[in-house]
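Visitor: Start from the sequences, fold in the hints, and give me the full structure.
Protein chains: 4
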Amino acid sequence: MTRTRVAIVGASGYAGEELLRILLRHPAAELTAVTSRQYAGQTAGAVFPRYRECRLPFINPDPEQIAALAEVAFLALPHGLAAEFAAPLLARGVKVIDISADFRLRDTEVYARYYKTPHPAPDLLRRAVYGLPERYADAIRTADLIACPGCYPTSIILPAAALLGAKLVETTGIEAISLSGVSGAGRKVELPYLFPECNESVRPYAVTGHRHLPEIEQELAAAAGADAVVINFIPHLIPVNRGIHSTILLQARPGTNAGTAVDCLRAAYDGKPFVRILDPGELADTKHVTMTNMCEIGCAFDARTGRLIVSSAIDNLTKGASGQAVQCLNLNQGLPEDTGLN
Amino acid sequence: MTRTRVAIVGASGYAGEELLRILLRHPAAELTAVTSRQYAGQTAGAVFPRYRECRLPFINPDPEQIAALAEVAFLALPHGLAAEFAAPLLARGVKVIDISADFRLRDTEVYARYYKTPHPAPDLLRRAVYGLPERYADAIRTADLIACPGCYPTSIILPAAALLGAKLVETTGIEAISLSGVSGAGRKVELPYLFPECNESVRPYAVTGHRHLPEIEQELAAAAGADAVVINFIPHLIPVNRGIHSTILLQARPGTNAGTAVDCLRAAYDGKPFVRILDPGELADTKHVTMTNMCEIGCAFDARTGRLIVSSAIDNLTKGASGQAVQCLNLNQGLPEDTGLN
Amino acid sequence: MTRTRVAIVGASGYAGEELLRILLRHPAAELTAVTSRQYAGQTAGAVFPRYRECRLPFINPDPEQIAALAEVAFLALPHGLAAEFAAPLLARGVKVIDISADFRLRDTEVYARYYKTPHPAPDLLRRAVYGLPERYADAIRTADLIACPGCYPTSIILPAAALLGAKLVETTGIEAISLSGVSGAGRKVELPYLFPECNESVRPYAVTGHRHLPEIEQELAAAAGADAVVINFIPHLIPVNRGIHSTILLQARPGTNAGTAVDCLRAAYDGKPFVRILDPGELADTKHVTMTNMCEIGCAFDARTGRLIVSSAIDNLTKGASGQAVQCLNLNQGLPEDTGLN
Amino acid sequence: MTRTRVAIVGASGYAGEELLRILLRHPAAELTAVTSRQYAGQTAGAVFPRYRECRLPFINPDPEQIAALAEVAFLALPHGLAAEFAAPLLARGVKVIDISADFRLRDTEVYARYYKTPHPAPDLLRRAVYGLPERYADAIRTADLIACPGCYPTSIILPAAALLGAKLVETTGIEAISLSGVSGAGRKVELPYLFPECNESVRPYAVTGHRHLPEIEQELAAAAGADAVVINFIPHLIPVNRGIHSTILLQARPGTNAGTAVDCLRAAYDGKPFVRILDPGELADTKHVTMTNMCEIGCAFDARTGRLIVSSAIDNLTKGASGQAVQCLNLNQGLPEDTGLN
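Chains as they are written, first to last, in this note's numbering: chain A, 1 to 342; chain B, 1001 to 1342; chain C, 2001 to 2342; chain D, 3001 to 3342.
Take the hints with a grain of salt, since some may be wrong.
Quick list of the computed label-pair ranges, beta carbon to beta carbon [stated by the list, open to error]:
(1) Gly3225(D) to Arg1187(B): 28 to 36 Å
(2) Arg1187(B) to Lys2116(C): 50 to 58 Å
(3) Arg1025(B) to Arg3055(D): 23 to 31 Å
(4) Thr3142(D) to Ala40(A): 54 to 62 Å
(5) Thr1142(B) to Gly3093(D): 51 to 59 Å
(6) Val230(A) to Asp1107(B): 36 to 44 Å
(7) Val230(A) to Tyr2205(C): 50 to 58 Å
Calculated directly from the structure, the hints in this document are not laboratory data.
All values reported here derive from a predicted model rather than from experimental measurement.
Cβ coordinates follow ideal geometry from the N, Cα and C atoms, glycine included.
Guide: What follows is the structure, given as structure tokens:
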């Protein structure tokens, strides 16, 4: 069997490290290049001592060179920069699986509003497929530009889109309260992410305009067949390394309860290896999914208020970023969806 | 100056330990007795090594003996048991400051529904005052039975009651999502509270009928002047020792926004030493209040959904339990409210 | 390829859970039975929700039934009990890989002194092989009773035995200071292991007679070719889930320094997949090895005192227990040593 | 009573914040100035939101202005810079309590070797008193330049100096293995101190030439009446916010055991409010001392090796820095040693 040659462009952050972890043991992918301006010349093993045995050297990110080395490139770059690299790579026949935010939003005006900059490559947007395999598997199989979802959106869209699609809940009154481990902030060397600033602390942030908000709304509207869905999204930072938990409050339609919600989700994700639907009344725990590509979902129902309470947990770096990107690679390469992910 | 002689009944848990911490250095209170069946005969210092210099011995909880030793008794007992001790203590002229749930709910049927047992002392309920000093100071000053609020309710009622009272928000559509440190579960030796079960984990629990729910609804209804207020209350367990953060979503009435909400809260709690209202848009962080009796509150407003987003943080053992109990003692004894609490 | 049928006897603790994690994806082993008196009747997935998809039911531990189902049994039982199960299993032709302490010590008197009970199966001791693959691979290949090392001993013996064997250090003046994550205490529901008792805390314990002490001394004496080696072993508990770090102080012989020590260790463990020797002056970090079967070792030298300072890190549940047990299984079954362990 | 006017020079780090915490409630000190180039113009409450009610503005550090505002200045500056400020402050009659390393070492050559720079103010060294109140109280009472000990040294010198002074242990073969919370690294915005780099990790560092080493050796030699004492000092970083634990191994002289060591320490520190000697065999736990100025010390003895094992715990920011500095202030101002520290 020939293995797909893959590159990680911008491999110096936590998502890059997680790609390294997965790809180094992936049976059908061969990691041929890792790029980082900051670490060019050093080996991946020197920069990420967990993988010290990996002697692959970081190189400067050059599309020509990447195209010579790889058939597929994962982009783990800041937004804006990702789009700059996508174009020359695609032009050279390299498929792009982008972990940044650049190709997630269909509407460039929304992009401009939330990212405070014009969209860097509007022409490419049409080619981009939203890389949520449980919902867009067919498109992912044939795409050459895949925009992997954000970590928070993955945890929220998976349950909420299915429930909206089945008309079990209203399209209004949706609220998602999410809690993220600190690795979700990236490997950013800034005061708020120092250990003593995060440990023994919990705090919400960006509660009215987080950049993941429009992405969630776009996908929920698509699932509901609605022009628009407007939600509240309230992220919090908690002192764990990995893991996102989202509690999603939705207004139940008549007849909906925990049992029908669970049935709906089980039907929607039947046979999907990375979605786990708990029994009615059971709730998700990030501890059950860290270091895996699993999304665990539970449902409860408050008859007094009519609210369906959905609890969802993922590992922000795996299912929320790099694991999902590899799941997309697998689909795109005609491999079993869970290759290298168990 | 003569100091008030006080006892801690049921001092072997975390709330008891926190009372010990505060009372050992309180300038106007003298701790004369600590009780615990489990530890009778041992000194408080042996059981709580932080206070090893404290040679006060644990005694068995006997109302007669407590009455001989103390003018005021803090009850840090399980619900049900607290009510059993309150009656004989009150009969002997000992004032009771109860940290349990026994005297918080005005309605014995609600108590029976949530605590799965008939109320153990309905006759005493009428004498009980809800021990939230920022809202019931006058009643606390003259009470002989004070029912201290639960930890979650304190963090939610303080902001929400003021906003409801000022008619800035609707009485419907209220949702409180709370995150608690593990000490909130008490010093219970049970599997879910082992370190490896809690660390690197976050999970919601009791999302539809937590025992603190009716207490919150009772106080919000009182504040709103409504017959009833029905809310969703969603607690989560997070891996910190101390601290509760509540994110409260309320439906803004016309004209309400973060600025008017902050103004309202500042007016409501003007001069209160243990309520800190942040500037509009700023959010609370438990790190700022742990080991203090402070409640920190911030407000944001989402104009798209009309939701007022309130962020509130306390230390669950201090303002959420023992510190608030001492604040009640201070008021009740005619002392400055913050005596021994800074 | 036929897979080896294996059972986990006493699978309800953390070492059992870690065996589950590894064996469920082991390509050459088929997990056919898990036993637990406490959980009999429940599925492994229900007891360990990370592996919820595993429908294998817990059964009561019965040697007859285990022998019908498995060729190899992992014993993850308390000491004493393990020996009771080993005999009937061996009698029925089931190979035994024991994670308990029952067959680690060659000297039954030492066992009796440290475990406060006579050795439960002295006759079997002669058949037992010490399951440290990097040092006893040949014996492990042909053994039918393998006694896996303790977690602390693994982290200490790997570096110290090689240095002693090469005569780079003295056999006296050895001191091992170890730091363990809380999962090392097992899934014991006891007060000292509650989250609030462990978090934000560090404490040494059992500093003069820990049960792992004689095991370390036995193996260091064997490596040194000495009648006896007497050391200080000082374990501490730190607030992490997984990981052991040992700092080992040894008296350098003339000519020994960090460079020669590193050379010696690299020669000793050349080709071994689970030993990583850092460059001179570099030190180990548990973060680099958690969730892996790796032992990472670094050396520094203090010329002022002549002390060689060795830093060693493992995951206490993987290389310190269950991963090492599977490594033994692999050797014993003629498989590549790292099968299912990457 | 007039209160002593005090300033904190360089108040923007964790030691500065801890000084703020203590001084804001100190009954006999009035905080009149806080300086920070970085934060000049902002209030202390804005920079440290725990103390948000504090409206004192940060000013640029100007000796003239500080002298106008304060009688005593705490220097919480990097080494090198502290000495630069000490001279002009002393010249203006301001007493200096320095938390940096500049005046701890008597020997300027040792300073130059460990700090890689010539001593910035050798003339002032003679005036400096080592600010360890349990050992130098008389000198501290009359000093105008007090050099507060480092955090690690405090935890090691307190027990070891007393045991050496009483000749219970040898002056050779001393080893101190210390574990520090991350706040000990200061509020340095560097990659190794990010939450995900520290959490679930433990690692030694600077094991052969840490800057606190010569300070420990200087004080142990003084206590032993020896020309020099040479030790191994092995610091580790562990994932807690606050707390240092030191395990100190000393060679017992004939007749020494845990009981005689405890007796010696109790005699040495009789009446000292901030030293707690545990019973023989009991060991220290950082959890018992965090947020206090206490040093907790326990002793065990290994008769097999003749090693006395001393366990010592402090809060690195309180007794290890700012609390101890205030303890020095108290002595120097003729106040009870524990004023404002309970």
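Visitor: All hints are to be evaluated individually against the structure, with a verdict given for each.
Guide: To see whether the hints hold, each was checked on the structure:
The hinted window of 28 to 36 Å between Gly3225(D) and Arg1187(B) is violated, with their beta carbons roughly 48 Å apart. For Arg1187(B) and Lys2116(C), the Cβ-Cβ distance of about 29 Å falls outside the hinted range of 50 to 58 Å, so the restraint is violated. Range check, Arg1025(B) to Arg3055(D): about 26 Å between beta-carbon atoms, so the 23 to 31 Å window is met. At about 59 Å, the beta-carbon gap between Thr3142(D) and Ala40(A) stays in the expected band of 54 to 62 Å.
Distance hint check for Thr1142(B) and Gly3093(D): the Cβ-Cβ separation is about 54 Å, which falls inside the suggested range of 51 to 59 Å. A beta carbon spacing of about 38 Å between Val230(A) and Asp1107(B) agrees with the range 36 to 44 Å that was offered as a hint. A beta carbon spacing of about 55 Å between Val230(A) and Tyr2205(C) agrees with the range 50 to 58 Å that was offered as a hint.
This entry does not satisfy hints 1, 2, going by the numbered hints stated previously.
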